[in-house]
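*Asks:* In case you want the letters, here they are:
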Amino acid sequence: MARLVIMGGGVSGHTAASFAKKWLGKEHEVVVVTPNSLWNWIPSNIFVGVGEMTKEDVTFPLAPVYEKAGIDYRQAKAVSIHPEGNAENDKEYITIEYTGQGKEGQIETLEYDYLINATGPKLNFDATPGLGDGKGQLGKHTVSVCTADHAIHASLELKAIAEKMKAGEKKRFLIGTGHGMCTCQGAAFEYIFNVDHFLKQEGVRDKATITYISNEYELGDFGVGGMHIKAGGYVTSGKVFAESLYVERGLRWIKRAHINKVEADKVHYETLDGSMHEEPYDFAMLIPPFTGVGIKAYAKDGSDMTDVLFAPNGMMKVDADYESGARGFENWSPKDWPSTLQNPTYNNIFAVGIAFAPPHFISKPMQSPNGTAINPTPPRTGMPSAMMGKAVANSICDMIKGVADKPTHTANMSEMGAACVASTGKGLLNGSAVSMTMYPVIPDYDKYEYGRDLNGTFGTIGLAGHWVKLLLHYGFIWKAKLKPGWTLIPE
Amino acid sequence: MKHIEQYQQSGYTPVPGKFVLFLRNCVVWQIIQFAWINLKMTILIVKSHH
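These protein sequences, in sequence, are chains A and B. First residue of the first sequence? That's 1 in our numbering, and the numbers climb one at a time after it. First residue of the second sequence? That's 1001 in our numbering, and the numbers climb one at a time after it.
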């Protein structure tokens, strides 16, 4: 009997665990280690953040789902990896610290034959003074929609400010990225449209100034270097598409910005030209930058070998070309990106989703004259991360069953697409959405004139996208609950 | 809401006309769009699995 241990139960980890258990059956063990008791469909946190959904709408308890599936669930956080065992035992293991199941604070070791790192990110609020509380959590000045609980807090703050606006007060809203090295602009993009919609519904939109602030070079960059789409007989930049959405809604924007300090009523930021500015606000939702969750790695003799398994940002090294970053933007290639997601040192360790270390940015690296890096980091969430989870589970199952001694499936972001639907409103007939797809995620200028396949890269706006978003919400939660037919719903 | 502000961000950006706005909420057209988006996404998913 082989044991597959998966650290993390988010989109990629849960996908990997579900498929691995289905394919391995009772002959082998699948263990999920995650500090959370609830699974969260994170894209719908946006709707919680404006009060259109509840926490219960976007989460469900993991324990009964895993019990039914035969997956060993440990509500714990992974602390360290020992890929060579220790002085007494050669067997690979991880140490975990329980956060629930009545064992809070207890430390255990867990041996593995195969290990998947799917921990997702640490929300690094403290990277920007004032954005965090100094203890690694969200600070008191701004709100977030990164977790369901954060989104509930955001919704309450939003409702409170709307009440003041109903009494005649004018308010300033600031939504975007809270640091020059953030990813996940899509969340801020969707949230700003939902705040605009919420304020219209409340009848106070005319009393609001809503500003988007971003580390993107241009709107529509999204950390993937932007994209081109066919529209109105033209091949046009996603910048035009994105700006049109903002103008249509009366939103203003600040781009190429690194927020370096957050205060109670204003942010301080630097732009790519090196100039310093301030932006006042009454309500701010700012996305934090991401880092790895801080798992350590130790060699057999107990020495620290974290730098062997992890990149300096705490993300796990996989089969990417990590030398490619130094070759410069003009020389970057889709081949730099990982395919099997297997660690190059230990072939029974894999990393998926945000947990893997990208070889470099996708967007062009930028620095202000003061040396401040201001550019989005690569997104690895949602659809690509689920695909990685499934591909890695497939490879490991083949390796466990003896079908192959190396990974049989790949999930290279230069060969996979991504979809993003930013929706507002509730109900079937009063919503609207921006639907975008791109193929591939990593642009390939040797293969495609505009870096991507224009037939697979498109953007459209309307009610239909809103229906798609509802379908995705209910479909993915059905799939994650492993209800009948879950394998038929694609990643 | 006034969209065009000369020499401001909004003054240099295309905005949808009445017909486009009508189509965005026309249920018949949006049903077609719904099928189209799903088809596009399905092709994308099929091409992405390796």
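Since the hints were made in silico from the structure, they are not lab data. All figures in this text were calculated on a predicted structure; none of them were measured in a lab. C-beta atoms are modelled at their ideal positions from N, C-alpha and C, and glycine is treated no differently. Fair warning: there could be bad hints in the mix.
Per label pair, the in silico range of CB-to-CB distance [as the list claims (entries may be wrong)]:
1. A:371 with B:1014: 29 to 39 Å
2. A:474 with B:1023: 22 to 32 Å
3. A:67 with B:1012: 52 to 62 Å
4. A:105 with B:1012: 56 to 66 Å
5. B:1046 with A:427: 48 to 58 Å
6. B:1008 with A:404: 51 to 61 Å
7. B:1027 with A:22: 34 to 44 Å
8. A:26 with B:1049: 45 to 55 Å
9. A:335 with B:1012: 48 to 58 Å
No more than 25 Å apart at the CA atoms, straight line, and that leaves these computed lysine-lysine pairs for DSS-like [claimed, not checked]:
10. A:230 with B:1040
11. B:1018 with A:335
12. A:239 with A:170
13. B:1018 with A:447
14. B:1040 with A:26
15. A:122 with A:170
16. A:426 with B:1047
17. B:1047 with A:22
18. B:1040 with A:239
19. A:296 with A:122
20. A:406 with B:1018
21. A:447 with B:1047
22. A:91 with A:140
23. A:200 with B:1018
24. A:239 with B:1018
25. A:401 with A:91
26. A:166 with A:266
Just some of the chain B residues that point at chain A, by a computed CB distance under 10 Å [as the list claims (entries may be wrong)]:
27. 1006
28. 1007
29. 1019
30. 1025
31. 1027
32. 1031
33. 1032
34. 1033
35. 1037
36. 1042
37. 1045
38. 1048
39. 1049
*Asks:* Go through the hint on residue 1045 of chain B and say holds or violated, using the shortest Cβ distance to chain A against 10 Å.
*Replies:* Constraint on residue 1045 of chain B satisfied, holds at 5 Å.
*Asks:* Take the C-alpha atoms of residue 1040 of chain B and residue 26 of chain A, compute the straight-line distance between them, and say whether it is at most 25 Å.
*Replies:* violated, 37 Å
*Asks:* Given the hint that residue 230 of chain A pairs with residue 1040 of chain B, test it: the Cα-Cα distance must not exceed 25 Å.
*Replies:* Holds - the C-alpha atoms of residue 1040 of chain B and residue 230 of chain A are around 14 Å apart, at most 25 Å.
*Asks:* What's the verdict on residue 1047 of chain B and residue 22 of chain A, does the C-alpha distance respect the 25 Å limit or exceed it?
*Replies:* The hint holds at about 23 Å.
*Asks:* Does residue 1018 of chain B pair with residue 335 of chain A here, judged by a C-alpha cut-off of 25 Å?
*Replies:* Distance of about 45 Å is beyond 25 Å: violated.
*Asks:* If I claimed the Cβ atoms of residue 1008 of chain B and residue 404 of chain A lie 51 to 61 Å apart, would that claim hold in this structure?
*Replies:* Once the Cβ atoms are compared, 60 Å apart, the range 51 to 61 Å for residue 404 of chain A and residue 1008 of chain B holds.
*Asks:* Checking one constraint from the list: CA of residue 426 of chain A to CA of residue 1047 of chain B, max 25 Å. Satisfied?
*Replies:* violated, 32 Å
*Asks:* Starting from the range 52 to 62 Å, see whether the pair residue 67 of chain A and residue 1012 of chain B falls in it by beta-carbon distance.
*Replies:* Since residue 67 of chain A and residue 1012 of chain B have Cβ atoms about 57 Å apart, the given range 52 to 62 Å holds.
*Asks:* Should the interface hint for residue 1037 of chain B be scored as holding, given a Cβ-Cβ cut-off of 10 Å against chain A?
*Replies:* holds, 5 Å
*Asks:* Interface hint check: residue 1006 of chain B, Cβ to nearest Cβ on chain A, cutoff 10 Å. Holds or violated?
*Replies:* Violated, because the Cβ-Cβ distance from residue 1006 of chain B to chain A comes to roughly 13 Å (cut-off 10 Å).
*Asks:* Taking the least C-beta to C-beta distance, is residue 1032 of chain B closer than 10 Å to chain A?
*Replies:* holds, 8 Å
*Asks:* Measuring from the C-beta of residue 1027 of chain B to each C-beta in chain A, is the shortest one below 10 Å?
*Replies:* Interface hint status for residue 1027 of chain B: holds (7 Å vs cutoff 10 Å).
In the structure shown, a violation is registered for the earlier hints numbered 5, 8, 9, 11, 12, 13, 14, 15, 16, 20, 22, 27, 28, 29, in ascending order.
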